[in-house]
Each structure stands twice: as C-alpha cells, then as structure tokens.
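**Q** Let the sequences and hints guide you as you build the complete structure.
Those sequence lines, one after another, are chains A and B. When the first sequence is numbered by this note's numbering, its final residue is 184 and no position is left out of the sequence of numbers. When the second sequence is numbered by this note's numbering, its final residue is 195 and no position is left out of the sequence of numbers.
Calculated cross-link-like contacts (lysine to any residue; reagent style SDA-like; alpha-carbon spacing at most 25 Å):
1) B:Lys13 <-> A:Ala92
2) B:Lys132 <-> A:Thr114
3) A:Lys23 <-> B:Ile89
4) B:Lys13 <-> A:Ile180
5) A:Lys23 <-> B:Pro55
6) B:Lys13 <-> A:Ala174
7) A:Lys142 <-> B:Val107
8) B:Lys142 <-> A:Thr166
9) A:Lys7 <-> B:Leu96
10) B:Lys142 <-> A:Val118
11) A:Lys139 <-> B:Leu186
12) A:Lys151 <-> B:Ala167
Per label pair, the in silico range of CB-to-CB distance:
13) A:Met162 <-> B:Gly72: 30 to 36 Å
14) B:Ala108 <-> A:Phe112: 46 to 52 Å
15) B:Leu85 <-> A:Arg183: 30 to 36 Å
Stretch-level coverage of chain B by chain A, calculated; a stretch enters the list once three of its residues show a Cβ under 8 Å from a Cβ in chain A:
16) 17 to 24
17) 27 to 33
18) 48 to 54
19) 68 to 77
20) 103 to 109
21) 174 to 187
Hints listed in this document are in silico derivations from the structure and should not be mistaken for laboratory results. Quick caveat, the model's predicted, so the values are computed rather than measured. Built from N, CA and C at the ideal position, the CB exists for glycine as well.
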Amino acid sequence: MEQVLRKDKKFALLLEIFAAFFKLGSISFGGGYAMVPLIENEVVEKKKWVAHETAVDIIAVAGSLPGAIGLNAAALVGYSIAGILGTLVAIAGNLSPCVLIVLSFSVLFQQFSTDPTVQAAFNGIRPAVISLIAYAAYKTGKTSIQNNACKVIAIFAFCAMMIAPTYIVLIITAGGLAGIFLRG
Amino acid sequence: MQILMGMFWIFAKLSLFSFGGGFVMVPAVIAEIETNHWATAAELTNTVAIATMAPGPVGVNLAVGVGYKVGGLPGAGAAFLGITLPTTILVVFVALFFFKVYKHPLVAAAFYGLRPAITGIILYAAVSLALKNGILFAANDKMLDSGINIIFNGWHFFEAKSLVITAVIFFLLAKNKVAPLGLILLSGVVGIIVF
Chain A
1 MEQVLRKDKK
11 FALLLEIFAA
21 FFKLGSISFG
31 GGYAMVPLIE
41 NEVVEKKKWV
51 AHETAVDIIA
61 VAGSLPGAIG
71 LNAAALVGYS
81 IAGILGTLVA
91 IAGNLSPCVL
101 IVLSFSVLFQ
111 QFSTDPTVQA
121 AFNGIRPAVI
131 SLIAYAAYKT
141 GKTSIQNNAC
151 KVIAIFAFCA
161 MMIAPTYIVL
171 IITAGGLAGI
181 FLRG
Chain B
1 MQILMGMFWI
11 FAKLSLFSFG
21 GGFVMVPAVI
31 AEIETNHWAT
41 AAELTNTVAI
51 ATMAPGPVGV
61 NLAVGVGYKV
71 GGLPGAGAAF
81 LGITLPTTIL
91 VVFVALFFFK
101 VYKHPLVAAA
111 FYGLRPAITG
121 IILYAAVSLA
131 LKNGILFAAN
141 DKMLDSGINI
151 IFNGWHFFEA
161 KSLVITAVIF
171 FLLAKNKVAP
181 LGLILLSGVV
191 GIIVF
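**A** Encoded structure:
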C-alpha cells in the first residue's frame, strides 16, 4: 500500500518535471545563456527543487560540457531531483516542443520550397542567418579572446577550418591542448 | 540504413565537441553531408534558418531538420538520437562522479585555449555560408539571378542585396532589441520584396 503511494508520488513528480521543462523548452528562443535566468527562476524560485548554490554549480558545469547549455542544465537539475529517470524526463520535456516545431517547419518547407515567394523569402533569410552566426562568433569572442595568444588560436582555427572543415574535432582538440600548453 | 547510420554518427561525433552552442557544428555538418551528396549547401542553409527560428537548442534543431531533409522521419529520429545520446550519457556520468571536475586547473587551462578555437570556427561557419550561398566570391552556377552581383574582371566579388541584409541584421543584433525570430521573419519579408 505504502509502496503504491510512493510510486504515485514519484510519477506525479516526474510529470511535474516534464511539464516544467516543456514550458522552458517552448520559450527558449535564442538558446544558450538566454535560458539560464529562466531555468533559475523556475527551478530555484518557483519550484524550490534545488538550492541557489547548487543551481550556480549546475549552470557552470552545464556550460563547460559539450552540447546545449540549457539541455545540460535540464539534465543535471532532473538528476538532482529524481535521479536518472529525472534526467530523462527533463530532457524529453525540454526537447519535445522544439522537435515538434522543427519537424512541422521542415514538412511545410518541403511542400512549398519551389514556390517563388518562399524562395525569395529564404533569399532574404539566408543572409540574416549568416549575421546571427557572425554575431554568435562576436559574442563568444568577447569573452574567449583575452590576449594575443587567444587571437592566434582563433585565427588558426578559422584558417584550419577553411582548409579542412571535416577535421573540426581535431581542431577543437588542438585548441584545448594549446590552452594546456600555455596555462597548464 | 546507411543514411540512418550516417546521420546518427555525424551528430553523435559532433555533439561531443559542440562546446559553446550548436552553430559551431554547422560547417562540419555541411561538409559531411556534401561529401556524401545527401543535400546541397543552399538546402542546408535553409535548414539552419529553420533551426535558428524555432525555440530550443540550435544543435538539436539542426539535427532534427537536417535528419528530416536527408532521411525523412527516420532520418530525423536517427539524428536526434545522435545529438542527444552521447551528451546525455556524459552529463549523467558527470552528475554521478565528477561534479567538481570543472574546477580542476587543467580543465580550466584546456578551456582557455578551446574557447578561442570555437570562436574561430563559428566565424568560419558564417563566412562559409556566405561563400556557399552566392553572397561572396560565387561561382557562375551559384550566383543569385535576382541579386545585384558585383563582378570585376570576370570574378564575382559579392551580391549587394544579401550583403546589405547581413549588415543591417548584424547591426540590429548588436543593438540587441529584436529577438532572432523577429529578425528572421523581418528578413523573410525583405527577401520577398527585394528578390
């Protein structure tokens, strides 16, 4: 009897985690660090699932792991509330809105991709996407490029990509090694 | 099946190196897909646009969009698993054992060099999309027919309309008042008017 009750409670908690991260996932336009205050507000202030200090640690770890910071943070918060099951539920909740939206956009786009108006619209959108990416480079550069050594690494990575874009993994690893060599 | 495995593998591999957001994956994804002749750079740029417009992480959106473009729903599923599975396992692993590892000086030193490399790669992502979409130094078959192409001595230098849009949107982003979704919709409307 008691165990059934506990199971019910656990299920309710998982459902609540799913709902909270579903909400965060549907409003997280722009991704990245834009997510951080929203996550903090939801899981620290509103739900009181994790303490403020834990949240700060989680954000720092989420940012230094590969992958999306918002998604990593969701996974870590889910883990600290309800273990591995919590992680999976938080990830599923966080990603279902964007997956559904991207899929519907893609299906729609495939239907209308030969339409001249749609093509004209995308002729305008493609340069905008380039600006968005260039701006992301500019923004990361403001914190990542602290001196001339960093400048050299950035230019080297840019040139290496020009020559051999499929060696991206090697290029990123080389950056990490250069850091260890310079500062380690 | 080969396409599904390919989708999974490309995104699984890149996900583990996608520090600092999904844009860093863009050039490598395009390079891998072009090598396999699964889609063209212009088609993939449209997918990147869709991935940026939607809420959620750009990397995951990119995987789902590219997966669908190349292999329909199964392709989207395979790419989704590829982008999420390795990092999820890594995150759980970190949560279990190494929660404090990021404070280690060696890790901090690695990031000191890794972050500028990421900046360089993201900058390349922007430049390579301009090169591949007929905006800068386009080959004859890549030029935008409805654009204003500046050609000198038979060499294509740039397409003026696109370059103006790029500059204006960058300025608006730096001014920091319009969300990316709004900017993309705006540039879509501008595209319908000028192209």
